[in-house]
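Protein chains: 4
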Amino acid sequence: MKKGRLEAFSDGVIAIIITIMVLELKVPHSADLHALQPLLPTLFCYVLSFIYVGIYWNNHHHMIYMVDRIDGRVLWANLHLLFWLSLVPFVTAWTGENHFAQWPVIFYGIVLAMNGASYGLLARLLIKRSGKDSALADALGRDWKSWLSVLIYVAGIASAFYNPLISMGLYVIVAMIWFVPDTRVERKVLGKESC
Amino acid sequence: MKKGRLEAFSDGVIAIIITIMVLELKVPHSADLHALQPLLPTLFCYVLSFIYVGIYWNNHHHMIYMVDRIDGRVLWANLHLLFWLSLVPFVTAWTGENHFAQWPVIFYGIVLAMNGASYGLLARLLIKRSGKDSALADALGRDWKSWLSVLIYVAGIASAFYNPLISMGLYVIVAMIWFVPDTRVERKVLGKESC
Amino acid sequence: MKKGRLEAFSDGVIAIIITIMVLELKVPHSADLHALQPLLPTLFCYVLSFIYVGIYWNNHHHMIYMVDRIDGRVLWANLHLLFWLSLVPFVTAWTGENHFAQWPVIFYGIVLAMNGASYGLLARLLIKRSGKDSALADALGRDWKSWLSVLIYVAGIASAFYNPLISMGLYVIVAMIWFVPDTRVERKVLGKESC
Amino acid sequence: MKKGRLEAFSDGVIAIIITIMVLELKVPHSADLHALQPLLPTLFCYVLSFIYVGIYWNNHHHMIYMVDRIDGRVLWANLHLLFWLSLVPFVTAWTGENHFAQWPVIFYGIVLAMNGASYGLLARLLIKRSGKDSALADALGRDWKSWLSVLIYVAGIASAFYNPLISMGLYVIVAMIWFVPDTRVERKVLGKESC
Numbered sequence: 001m002k003k004g005r006l007e008a009f010s011d012g013v014i015a016i017i018i019t020i021m022v023l024e025l026k027v028p029h030s031a032d033l034h035a036l037q038p039l040l041p042t043l044f045c046y047v048l049s050f051i052y053v054g055i056y057w058n059n060h061h062h063m064i065y066m067v068d069r070i071d072g073r074v075l076w077a078n079l080h081l082l083f084w085l086s087l088v089p090f091v092t093a094w095t096g097e098n099h100f101a102q103w104p105v106i107f108y109g110i111v112l113a114m115n116g117a118s119y120g121l122l123a124r125l126l127i128k129r130s131g132k133d134s135a136l137a138d139a140l141g142r143d144w145k146s147w148l149s150v151l152i153y154v155a156g157i158a159s160a161f162y163n164p165l166i167s168m169g170l171y172v173i174v175a176m177i178w179f180v181p182d183t184r185v186e187r188k189v190l191g192k193e194s195c
Numbered sequence: 001m002k003k004g005r006l007e008a009f010s011d012g013v014i015a016i017i018i019t020i021m022v023l024e025l026k027v028p029h030s031a032d033l034h035a036l037q038p039l040l041p042t043l044f045c046y047v048l049s050f051i052y053v054g055i056y057w058n059n060h061h062h063m064i065y066m067v068d069r070i071d072g073r074v075l076w077a078n079l080h081l082l083f084w085l086s087l088v089p090f091v092t093a094w095t096g097e098n099h100f101a102q103w104p105v106i107f108y109g110i111v112l113a114m115n116g117a118s119y120g121l122l123a124r125l126l127i128k129r130s131g132k133d134s135a136l137a138d139a140l141g142r143d144w145k146s147w148l149s150v151l152i153y154v155a156g157i158a159s160a161f162y163n164p165l166i167s168m169g170l171y172v173i174v175a176m177i178w179f180v181p182d183t184r185v186e187r188k189v190l191g192k193e194s195c
Numbered sequence: 001m002k003k004g005r006l007e008a009f010s011d012g013v014i015a016i017i018i019t020i021m022v023l024e025l026k027v028p029h030s031a032d033l034h035a036l037q038p039l040l041p042t043l044f045c046y047v048l049s050f051i052y053v054g055i056y057w058n059n060h061h062h063m064i065y066m067v068d069r070i071d072g073r074v075l076w077a078n079l080h081l082l083f084w085l086s087l088v089p090f091v092t093a094w095t096g097e098n099h100f101a102q103w104p105v106i107f108y109g110i111v112l113a114m115n116g117a118s119y120g121l122l123a124r125l126l127i128k129r130s131g132k133d134s135a136l137a138d139a140l141g142r143d144w145k146s147w148l149s150v151l152i153y154v155a156g157i158a159s160a161f162y163n164p165l166i167s168m169g170l171y172v173i174v175a176m177i178w179f180v181p182d183t184r185v186e187r188k189v190l191g192k193e194s195c
Numbered sequence: 001m002k003k004g005r006l007e008a009f010s011d012g013v014i015a016i017i018i019t020i021m022v023l024e025l026k027v028p029h030s031a032d033l034h035a036l037q038p039l040l041p042t043l044f045c046y047v048l049s050f051i052y053v054g055i056y057w058n059n060h061h062h063m064i065y066m067v068d069r070i071d072g073r074v075l076w077a078n079l080h081l082l083f084w085l086s087l088v089p090f091v092t093a094w095t096g097e098n099h100f101a102q103w104p105v106i107f108y109g110i111v112l113a114m115n116g117a118s119y120g121l122l123a124r125l126l127i128k129r130s131g132k133d134s135a136l137a138d139a140l141g142r143d144w145k146s147w148l149s150v151l152i153y154v155a156g157i158a159s160a161f162y163n164p165l166i167s168m169g170l171y172v173i174v175a176m177i178w179f180v181p182d183t184r185v186e187r188k189v190l191g192k193e194s195c
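Residue numbers (full-length UniProt numbering), protein chains in the order written: chain V, 1 to 195; chain A, 1 to 195; chain D, 1 to 195; chain R, 1 to 195.
It should be emphasised that the hints constitute simulated quantities derived from the structure, not laboratory data.
Nothing here was measured: the structure is a model prediction, and the numbers come from that model.
Check before you lean on any hint, since a few could be wrong.
Which bits of chain D does chain A cover? Going by a derived footprint, with three or more residues having C-beta under 8 Å, they are [to be verified]:
1. 4 to 14
2. 69 to 83
3. 88 to 101
To give a feel for the contact side, a few chain A residues facing chain V, derived at Cβ under 10 Å [said to hold, decoys possible]:
4. 5
5. 9
6. 10
7. 11
8. 14
9. 16
10. 24
11. 72
12. 80
13. 82
14. 86
15. 89
16. 97
17. 104
18. 105
For each residue, glycine too, the CB sits at the ideal point set by N, CA and C.
This is chain V alone, in the form it adopts within the complex (with noise of 0.2 Å):
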């Protein structure tokens, strides 16, 4: 009942994020096909964060069918996770449309880490919960892909003040690793049932 409901409000504001993230590439005035070229940075990074944004739909998904438990601090903890997730909209548009300038793409990078974060503040809080035992402590157990990806992101915001392009190939490089969904879960559900 009550994962219902959380599971319901996130898909919720997941599908809200993903979806007004479009409304910044505007519709430009000429229709002329050169008219679009100043979209294409645009385009790159709206791509870039519905995959991301996908990403984080997809894991929580399998992550919260696993969990049969949840209290205040779990809200709270997927609130703060939605919070983060709430400014990929404005950092991916802020980065597209000023082509990719060091600013915008350092905070790109650490909205992408925040998220990170706040996602892995969630599990540790449901494993708590579950017990060390629990098959979700088992399944979320050697958690490298997320410490490579916290040394991907301080790698990709440093660089940014080198060149910003080498942050987003960096960036790019997270996406790819986690592009993967959590087949560590799946496994374990699809042991137990058809899913």
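Given the coordinates of chain V, work out where chains A, D and R should sit on it, guided by the hints.
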């Protein structure tokens, strides 16, 4: 369970897409009747895109209804479809604001075609999971509508170089072909139980 | 199952419609109290439209609750209703921004009337599917409210040529007539079980 | 069933409210770090309103969870709450854009107070339906938090005439009081079953 969230998330994103399109009907500052006239092409495009998105929601609804198992690949194929659907408001507004000019109409056709392609991809993946003897494979078996649509989209995009109004007419024809919900699936489902 | 997604999708679209209307309350750049004054007509229209959309959600809720079977036609009749509902934010903003000028008020009335008509169409279709002896047919039987609304809408649209404020008053009266949720259905449902 | 749609619709509206607030963080055209500085008050207000809306969602979630029966009056009391919640993005943006000026801060307080009042109205109605001996009446029994909030809101609105920053501080204090989810309800629920 998992299917439930896929449906809920897709419903959310599609509901937002179909609704934010109306935001492109920019409220005129004048209270004059003539102030509505430049909005007529945008209104026409809004109606057409509303019907298109409605068709996708309708058929998505029918298709997922017949599926029992989903996995990470299906989630991404679904997000891929949602991505192309999310570009519909952009091309709708661009086409409407420029009164069916050549390039907007071409991109309208490309986005519509990509929607069709990503829907087909999702359908193929679901059939592969369900097995070739499944009700879904049977129901979607002879998919002449999809192939006809591809042909008409290509014709529409090509004819925009000659006269974009012909393209718009062709896009209307594709919508008419699909307007009837996928009765093949409906008949199967009705044969199973009341829905 | 299918009914669930119809409800979920309708809830999503109506939730977005009712919420994006507030975006037309454009934030004034001045912090002065007088800066709110030109927003008062928009606020009035927002409240009225909020109540209208709330009424539709409420009655839609009651009506679908009594239905067991839906099909492709119902899905499209529902989308048709959602289409006219989606135009409410446009006419609300146009009327509010132009302080109840003639043409915006006329179109406000037309869109409200079309909402009523498309709701009636959906109701008739659902009754036809449920059978003439169904609880729904019984509950919606003597639909004097709908016919009275049509009369008042027509009077409202006509009187806008004389004085648009009379029209607004008439639209308020229709809202008052419907404000009470469809107690006919509620009584039936309550007779069946606690809801 | 009916309760499910009330929850789904409320979740949808609250999800949209909490997300569209971020649209008021207008993307700066400059890529300069200093371009973010004028956004800081808006960001502060966004965070505060995000927490407020999160609190309402959280407590709404807990309260509806304990309710078995809803009716037309509850639906309208709920829509009334959603109406005042829908004005939060407006006052948030107005306050942020004008850097905590007097009138925006006063209206921020009024809207927050009206949210509290309409939530209280909904709670009272639900208790009345559930009966005075219900778990809900018991759980919400000694509602000192609500009365304290009213006092602080009044103090906040009044002190805006002297110094609006004091008002903002008081609004932060109310948020802190409510930040902990309604543990009275949670304890009851946990006593009943795992949630």
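Each hint, compared with the structure:
no.	hint	verdict
1	4 to 14	holds (count 5)
2	69 to 83	holds (count 9)
3	88 to 101	holds (count 7)
4	5	5 Å, holds
5	9	5 Å, holds
6	10	8 Å, holds
7	11	8 Å, holds
8	14	9 Å, holds
9	16	4 Å, holds
10	24	7 Å, holds
11	72	3 Å, holds
12	80	9 Å, holds
13	82	8 Å, holds
14	86	5 Å, holds
15	89	6 Å, holds
16	97	6 Å, holds
17	104	5 Å, holds
18	105	9 Å, holds
Comparing the model with each earlier hint shows no violations; every hint is respected.
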